[in-house]
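Going down the list, the protein sequences come from chains A and B. Residue 227 in our numbering sits at position 226 of the first sequence; the count goes up by one each step and never skips. Residue 47 in our numbering sits at position 46 of the second sequence; the count goes up by one each step and never skips.
Think of the hints as simulated: they come from the structure by calculation, not from any bench. All C-beta atoms in this analysis are idealised placements derived from N, C-alpha and C, irrespective of residue type, glycine included. Mixed in with the good hints, there may be bad ones.
[Unchecked claim] Chain B regions said to be covered by chain A (calculated; three or more residues, Cβ under 8 Å):
1. 19-31
2. 94-105
3. 226-235
2 protein chains.
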Amino acid sequence: MNTSATKITASSILLFETKILMALIKDLRSASALMDWDRETYMPLGGAEDRADQLATLDTLAHEYLTNEKAHELVKRIENEILNCDPSEKPLFAVFLEDFEKATKLSSDLVGRTSKAQALAQISWRKAREENNFKLFSEDLQKIIDLKIEAAECYGYSENRYDALLDLFEPDVKASELRNVFNDLRKETIGILSQVKASHKEIDESCLFQPYEESKQMEFAKFIAAQMGFDFNNGRLDLTTHPFCTSFSVRDVRLTTRIYPNDIRSCLMGVIHEAGHGLYEQGFAKKYARTFVADGASFGIHESQSLFWEKIIAGSEEFWHWAFPHLQKAFPEQTQQVTPRRFYEALNKIQPSFIRTEADELTYNLHIILRFEIEDDLINQRIKVSDIPEIWNAKMKESLGIVPAGDAEGCLQDVHWSFGGFGYFPSYTLGKLYSAMMWTQMQKEIPTVKSKIANGEFEPIKLWLGEKVHQYGRAEKPIQLIKRITDRDLDANDFINGVKAKVQNIYG
Amino acid sequence: MNTSATKITASSILLFETKILMALIKDLRSASALMDWDRETYMPLGGAEDRADQLATLDTLAHEYLTNEKAHELVKRIENEILNCDPSEKPLFAVFLEDFEKATKLSSDLVGRTSKAQALAQISWRKAREENNFKLFSEDLQKIIDLKIEAAECYGYSENRYDALLDLFEPDVKASELRNVFNDLRKETIGILSQVKASHKEIDESCLFQPYEESKQMEFAKFIAAQMGFDFNNGRLDLTTHPFCTSFSVRDVRLTTRIYPNDIRSCLMGVIHEAGHGLYEQGFAKKYARTFVADGASFGIHESQSLFWEKIIAGSEEFWHWAFPHLQKAFPEQTQQVTPRRFYEALNKIQPSFIRTEADELTYNLHIILRFEIEDDLINQRIKVSDIPEIWNAKMKESLGIVPAGDAEGCLQDVHWSFGGFGYFPSYTLGKLYSAMMWTQMQKEIPTVKSKIANGEFEPIKLWLGEKVHQYGRAEKPIQLIKRITDRDLDANDFINGVKAKVQNIYG
Numbered sequence: 002m003n004t005s006a007t008k009i010t011a012s013s014i015l016l017f018e019t020k021i022l023m024a025l026i027k028d029l030r031s032a033s034a035l036m037d038w039d040r041e042t043y044m045p046l047g048g049a050e051d052r053a054d055q056l057a058t059l060d061t062l063a064h065e066y067l068t069n070e071k072a073h074e075l076v077k078r079i080e081n082e083i084l085n086c087d088p089s090e091k092p093l094f095a096v097f098l099e100d101f102e103k104a105t106k107l108s109s110d111l112v113g114r115t116s117k118a119q120a121l122a123q124i125s126w127r128k129a130r131e132e133n134n135f136k137l138f139s140e141d142l143q144k145i146i147d148l149k150i151e152a153a154e155c156y157g158y159s160e161n162r163y164d165a166l167l168d169l170f171e172p173d174v175k176a177s178e179l180r181n182v183f184n185d186l187r188k189e190t191i192g193i194l195s196q197v198k199a200s201h202k203e204i205d206e207s208c209l210f211q212p213y214e215e216s217k218q219m220e221f222a223k224f225i226a227a228q229m230g231f232d233f234n235n236g237r238l239d240l241t242t243h244p245f246c247t248s249f250s251v252r253d254v255r256l257t258t259r260i261y262p263n264d265i266r267s268c269l270m271g272v273i274h275e276a277g278h279g280l281y282e283q284g285f286a287k288k289y290a291r292t293f294v295a296d297g298a299s300f301g302i303h304e305s306q307s308l309f310w311e312k313i314i315a316g317s318e319e320f321w322h323w324a325f326p327h328l329q330k331a332f333p334e335q336t337q338q339v340t341p342r343r344f345y346e347a348l349n350k351i352q353p354s355f356i357r358t359e360a361d362e363l364t365y366n367l368h369i370i371l372r373f374e375i376e377d378d379l380i381n382q383r384i385k386v387s388d389i390p391e392i393w394n395a396k397m398k399e400s401l402g403i404v405p406a407g408d409a410e411g412c413l414q415d416v417h418w419s420f421g422g423f424g425y426f427p428s429y430t431l432g433k434l435y436s437a438m439m440w441t442q443m444q445k446e447i448p449t450v451k452s453k454i455a456n457g458e459f460e461p462i463k464l465w466l467g468e469k470v471h472q473y474g475r476a477e478k479p480i481q482l483i484k485r486i487t488d489r490d491l492d493a494n495d496f497i498n499g500v501k502a503k504v505q506n507i508y509g
Numbered sequence: 002m003n004t005s006a007t008k009i010t011a012s013s014i015l016l017f018e019t020k021i022l023m024a025l026i027k028d029l030r031s032a033s034a035l036m037d038w039d040r041e042t043y044m045p046l047g048g049a050e051d052r053a054d055q056l057a058t059l060d061t062l063a064h065e066y067l068t069n070e071k072a073h074e075l076v077k078r079i080e081n082e083i084l085n086c087d088p089s090e091k092p093l094f095a096v097f098l099e100d101f102e103k104a105t106k107l108s109s110d111l112v113g114r115t116s117k118a119q120a121l122a123q124i125s126w127r128k129a130r131e132e133n134n135f136k137l138f139s140e141d142l143q144k145i146i147d148l149k150i151e152a153a154e155c156y157g158y159s160e161n162r163y164d165a166l167l168d169l170f171e172p173d174v175k176a177s178e179l180r181n182v183f184n185d186l187r188k189e190t191i192g193i194l195s196q197v198k199a200s201h202k203e204i205d206e207s208c209l210f211q212p213y214e215e216s217k218q219m220e221f222a223k224f225i226a227a228q229m230g231f232d233f234n235n236g237r238l239d240l241t242t243h244p245f246c247t248s249f250s251v252r253d254v255r256l257t258t259r260i261y262p263n264d265i266r267s268c269l270m271g272v273i274h275e276a277g278h279g280l281y282e283q284g285f286a287k288k289y290a291r292t293f294v295a296d297g298a299s300f301g302i303h304e305s306q307s308l309f310w311e312k313i314i315a316g317s318e319e320f321w322h323w324a325f326p327h328l329q330k331a332f333p334e335q336t337q338q339v340t341p342r343r344f345y346e347a348l349n350k351i352q353p354s355f356i357r358t359e360a361d362e363l364t365y366n367l368h369i370i371l372r373f374e375i376e377d378d379l380i381n382q383r384i385k386v387s388d389i390p391e392i393w394n395a396k397m398k399e400s401l402g403i404v405p406a407g408d409a410e411g412c413l414q415d416v417h418w419s420f421g422g423f424g425y426f427p428s429y430t431l432g433k434l435y436s437a438m439m440w441t442q443m444q445k446e447i448p449t450v451k452s453k454i455a456n457g458e459f460e461p462i463k464l465w466l467g468e469k470v471h472q473y474g475r476a477e478k479p480i481q482l483i484k485r486i487t488d489r490d491l492d493a494n495d496f497i498n499g500v501k502a503k504v505q506n507i508y509g
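Work out the full structure, taking the sequences as your base and the hints as a guide.
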């Protein structure tokens, strides 16, 4: 009898059992995701309270099945088997172990205290923001920070307590690395920003902010998403207050958007952004269906896919060379006096502003770096909660050259801290850096890619991203994924060079 | 220490535990219902296969939680406690016991064999119907009948094996009682039918079948549903291939309809029908939320609520006295040459036909009685499957005076047998009889109800049904419910008298 064959069988049985458990949990999560999607899209108002109960039941069940005796037993067997298993099976085991550990490292007491504190903090944050008064939020925020510190100690870390929280959003990425990359990025960004100012060029954005009929905006955005390769046989697009992308399988991916009647940018760029996420969700390899691998490698990698399409493709002059005639057909009146070039410039206008979500491609990162530094200092107890407004404003002054008039447009603007999302913000900028690195590589491998964009040929781009990124899902960590694709480690160079070129093109 | 107080505490604890388990199962069922609703309304085509897996997971989990060790333990304690418990708690325990028993009486082997046979039978039924050839279905149908006989033996019965299957749809109703009621009903129906024929009056239905703009049909149907009292803050209306009503809580009830561009009846009467179901689902007492009591008392009682609104209210001359001017406003062109009386007559035209779902109010029951008799004979092995077409056609000839040209418009027309729904058909006619008995009682208690209808005042009707029927959910069996409301046992008299009066009015 062949020993190796015996081993394969043992690991195959184990894989089979692990897959069955993952499928059960994944189906519960899909049901929960559908309940969420429905709540945001079609649920009647009256359904909110019962829906919260139903979601709690599904989420609790999913957590129970991931942490019960059977799961513990599987984990022990996987730990014995994982070094000997077939390489193709390894990711399936690895993500199961990872999620099991995340789910079991926090005591249910800590989870309970945290979810209660977050529920209360969301209320006080809302009130504080409305009243433009950080003090109304500071006590609850302190509690959340204490709980996050407690959680970080449970998760464990080697260098920096904040790494334990970062890891939830960006596995294996360290604060020390981020600090280096972000320092370069800030320095270069401030340099570019002063160039923009020195040019004294005023970009006219008015073409974006005209009356655009809502149903036609939706139709046009859907057309663009379909051209990108988003498959509407395996997905749809609906309206919500805040745009998002969710999925219940690779064959059922849901995008949402909002429409402002006097602003084409919000709906259009929103749909392109979400369709970028959607292509990722539609692209996981079939073999990972109903497993934990069928998910984004990280928040940052997911964001890289949406930003790739929104900023790199749809933010390019080539794209509007192709897309503008289609826009003209849809909106002949609004585009009569506009050229593709003017539309492209309007979309790429650079101007320091207070609100992160409204910031341009370049200054956006300064908002993120500021938050990253404050979070790192808070979690390491180097600064006090009560000092946040002052620190915030000083950092805004230093990097963006502007100071918010109050906390509402300053340190109270984001919901993240109130729901305990410490470690989340860096993903946004990482997404930009990853996408720029992928774009550099794509241009090497598809030298004609820019002319393809100018012709509206997006299939090679979708295929490239599918082959290099999408199919893997969580089978690789972000660091490995970027290394495999670009043969380099994370840096800000490609992003900076890209923005420099664009600024040169637009501002001269 | 007071013994009775101690007993109350023991039963309260038991109730608390039972309610927690029911809430868990109910939430899983709600998630499953939402996944079903989504599949019929918005799910992209590609999602079908994964959705089937997800539904199977949720349904299996719900079944497991209803039949696991904890449930067994609760059932034992409930059986000890139920005679001593507070009367208000009894329905909660009773429905739990009932569902537990239904879920545990069939072996999982039988359940598995049945669901496989049904999946195959649905394929062969579809093929047989397409090819107009019963023989292609007969073998699979025989298997299903054998499995239903096996199931009936597991469930148990006292008089008639068919009662065990009837009980799944209409608890405690016996075939022997139905046979008596149905014999009266058939005799009287045939009498009325010959009267209609003798009148030689031809009703012109053409006003129903004109081009009616689809979005306006939807708007008008929504308006009528809202007037009936269906609460759109706690519900919605969407489009599907086959109309249905489902709910995820009393505050989230979903109706669906279909629209034919050249037929106003289908959408309008469909919405009124489903809104009747919807009012029932919106009307369960709050104390039954997230328990098994928050459901229809039976298929027949549920159908009585939809038919009450569709046939008794919206099929009345008084209703169209009020509604017709609204219809005229919505469709001025289509109604120019039409009077309320003509519209009312068109909706109530009586004419024997082959297809059950297209039958008028009167002859519909003859279709049901025929199916009931054949099912009873099949389950009791008094007739052979191969004889069904011949028996079907003979019964059609005898009762309706017409013979279908082939099996497709004869014994192959309904999907029910292919999914094992033996015992289901009688509910449709029971719904008619129940609603007629309720209507008689309502007229006694609200003597001005007809003039209220003529004024579009539906609030008293909704309140009456809410108080007498809706709030109870499954807390009462149909037999008790009808007895409490009307102080009578089930009979066909009210239905027959109602139709007689209508026929007299229309056909003279």
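Hints, verified against the model:
no. : hint    : result
1   : 19-31   : holds (count 5)
2   : 94-105  : violated (count 0)
3   : 226-235 : holds (count 4)
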